[in-house]
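Chemist: Same order as they appear, the protein sequences are chains A and B.
In this text, residue positions in the first sequence follow my numbering: the first is 1, and each later residue adds one.
In this text, residue positions in the second sequence follow my numbering: the first is 1, and each later residue adds one.
Misleading hints may appear alongside valid ones.
Same chains, same label: a pair holds when it works inside one copy or across any pair of copies.
Okay, derived cross-link-like pairs now, BS3-like style, lysine-lysine, Cα gap no bigger than 27 Å in a straight line [claimed, not checked]:
1. Lys75 x Lys200
2. Lys93 x Lys33
3. Lys110 x Lys93
4. Lys458 x Lys194
5. Lys185 x Lys100
6. Lys267 x Lys347
7. Lys18 x Lys91
8. Lys371 x Lys233
9. Lys28 x Lys404
10. Lys200 x Lys233
11. Lys10 x Lys321
12. Lys28 x Lys91
13. Lys348 x Lys290
14. Lys360 x Lys398
15. Lys146 x Lys267
16. Lys188 x Lys238
17. Lys181 x Lys146
18. Lys194 x Lys10
19. Lys348 x Lys28
20. Lys421 x Lys322
21. Lys404 x Lys317
22. Lys194 x Lys110
23. Lys318 x Lys348
24. Lys110 x Lys348
25. Lys267 x Lys317
26. Lys91 x Lys348
27. Lys348 x Lys321
28. Lys371 x Lys91
29. Lys233 x Lys360
It is worth saying that the hints were derived from the structure and are not from the lab.
Chain by chain, the residues:
Protein chains: 2
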Amino acid sequence: MLLEIREIYKKHAELLNKELELNGWIRKRRDQKNFGFLEVNDGTFFNGIQVVFDDSLSNFDEISRLSISSSVHVKGVLVQSEGKGQTFEIKAKEITIYNKADLDYPLQNKRHTLEYLRTIAHLRPRTNTFMAVFRVRSLMSYAIHKFFNERGFVYVHTPIITGSDTEGAGEMFQLTTLDLKDIPKNDKGEVEYKDDFFGKQANLTVSGQLNVETFCMAFKNTYTFGPTFRAEKSNTPKHVSEFWMMEPEIAFADLDVNMDIAEDMMKYIIRYVLENAPEEMQFFNQFIDKTLLDRLNGLVNSEFGRVTYTEAIEILKKADKKFEYPVEWGIDLQTEHERYLAEEHFKKPVFVTDYPKDIKAFYMKLNEDGKTVRAMDLLAPGIGEIIGGSQREDNFEKLEQRIKDMNLNEKDYWWYMELRKYGSVPHSGYGLGFERAIMYVTGMLNIRDVIPFPRGPKSLEF
Amino acid sequence: MLLEIREIYKKHAELLNKELELNGWIRKRRDQKNFGFLEVNDGTFFNGIQVVFDDSLSNFDEISRLSISSSVHVKGVLVQSEGKGQTFEIKAKEITIYNKADLDYPLQNKRHTLEYLRTIAHLRPRTNTFMAVFRVRSLMSYAIHKFFNERGFVYVHTPIITGSDTEGAGEMFQLTTLDLKDIPKNDKGEVEYKDDFFGKQANLTVSGQLNVETFCMAFKNTYTFGPTFRAEKSNTPKHVSEFWMMEPEIAFADLDVNMDIAEDMMKYIIRYVLENAPEEMQFFNQFIDKTLLDRLNGLVNSEFGRVTYTEAIEILKKADKKFEYPVEWGIDLQTEHERYLAEEHFKKPVFVTDYPKDIKAFYMKLNEDGKTVRAMDLLAPGIGEIIGGSQREDNFEKLEQRIKDMNLNEKDYWWYMELRKYGSVPHSGYGLGFERAIMYVTGMLNIRDVIPFPRGPKSLEF
């Protein structure tokens, strides 16, 4: 009976003293004169399984010298273990080798720095840390889909290639099929885009929001979840050029509904991971961030705070704390302010709402005061801003005015404007930077360590 | 009590004669002298709900003239309907208007061609056809995640921006942050990529397979599902420049296991849609393809055929049929051949395996005959090839030889080759073109009609 190690862990009581087979890679090897131990992992479970072998095996000598990462097929009996650290192990009857790993395998049993492991991104998922990170990433992604599916949301694959720039802000990658050695130009020296693939300039999307809004006006409950791009030359632990973003958009929903959904979603995702990856979460709590489980359990069991930007500014002004960036109404909150609010004042996640319009995007709904917009940011202890969203401007004339005020090209937004002509309704949405959420849930501090193959300035390997 | 229409349909028996509230858009309006009917849809369910109003409403005149697509809030009582076509309706006590749609709203109650609807992709999800298509798309996507999650697969977000070309074949989009008007060049007139964002040439991915293989060698069970790109100037109903692809990759799995999983997955997805979108599937069967439900039920209940390429060629040679492309060993099967095999010979989906190596990709495992590879294509009645996959070459030397034979640049594949050095194992995978699968499940005939915002040559709107 061929079993995955995940299944063996799940059913070990009933499998005891039975013969079974498994496949896997050797993570560790210890050997004595007449016997030895292999730690075998097949990737289906965080923990591997101990295989005991002795010189009754015909290939005992070969197995005793087997290199780390070699791949094997094991036939044996599941027995109670007398050793420390495991309750059961496999007593091998037969070990067949698929492939002996070359001895220059870089992941021998010593600690490696995360920086070094980034240079072998094709091998790092075989380490405990990255096996935990990428299983949690997968579970978080599933939890997001499950959360929205249960609520009847329609998942929309918004386009990656775009002719417009969502916020008139982000630096974008341009794409082309023109021969860069020989770009066609007109008399004025401008690029002749009519010869390019799309017949006009094309970029990689920075957000799916405007596109998903069109579907929200049909299905009411929608979200997009996919890769987004920034051509920023920032080499910080928080920036990569390609990352995933999850953006719900809900019709007939004001900012309160928006916050309710964001709060429910965050708790749902975290609960899902705590329940479905207990071994991985224990590992992070032990080796990456010893406050992690306390923080996550705190979040799941708290009621998030809600405060306006104007109130938040008052709180910060009264704070018994010297900030690097001075606090006054109108400033964009810095990480130090966000963390003070979440960690020291509220001591839990808090939504800050109704920001000054001048520091927010054109599509956010103007409040009656004429100077703030129905924006919300969710600030979380330990990280600062983790979600940003707003109620959208649903009035045609006001939206048109904002587009003009911000010097955006009205023509680019004709279809977005039309949503305000044909049955406009109050609607809201938000964006969750997926990698930032994974960092929050795992305690990992560098975004390059939570995405399979990170892309950044001068960095495009694999 | 504010309810979504989906909830009203689900719980209408217990809601009967109770007062409730709902939001929605007006799809149709009929009015008499003293009363009228609105069909209101909020997008949460395929069917809308009939709202009856009369001149007891203070704004009766305004409601009687309300334009199609206007958005409203309705308060009323759920009552049994005496009219045809519905069993319950809402007797309105109060109708509040969010927004009166402009009278030039293009989706008035008449038939529109699919071609025309493509020009208003921001509004077409409000039609029955596209509401059905895009809900099914969302459900199929969820079914894929659910299927793999239940089997412990890890979802890997493989990168979109790539420095290499997976199969040395597809035409790719190049991306750059260089100023196209002023491309830096060296003495030989070559582009100076050191000044470009990534310091080298960068393209959009054509497949996540090679990247996901690295994770498969850690987690055993993996898949990627994301956008892929082709810069082909084909303007056919089957081609777009941006589409989604789902690619599982499984370690310790030969071609038989690969086919088992592909077969289980196809049946799982289709069953999921039949169960979770019965109204939509009924709609497709009635208006798009009258053989659809028969075909899908047939697929779900059949055992897929399995035949080698060499046997398939024999079958085609013996066929009492004149093919446009002559049949002989070594040819790539054309759609006419594929459809003959699935529709006329096997009368069910069939896997064709072990194709000539010269018509398949470099990474497929060479058979012992030295001339065929462990490839598989799944051919389905009504569409032809729907899945393509293979067991991968796991032998370092043989893979190296294939890369050389096919004049690929070995340096681009150093990390892919290393998977064969450090614990290589038999492994297999396949690719499902997601849009093609949606076309199969919905009966839609043009790929532009199953993707929210299709991109193609000279086509980049929205």
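Chemist: Can you list which hints this structure breaks, lowest number first?
Modeler: Hints 1, 3, 5, 8, 9, 11, 16, 17, 18, 19, 20, 21, 22, 24, 25, 26, 28 are the ones this structure does not satisfy, whereas the remaining hints hold.
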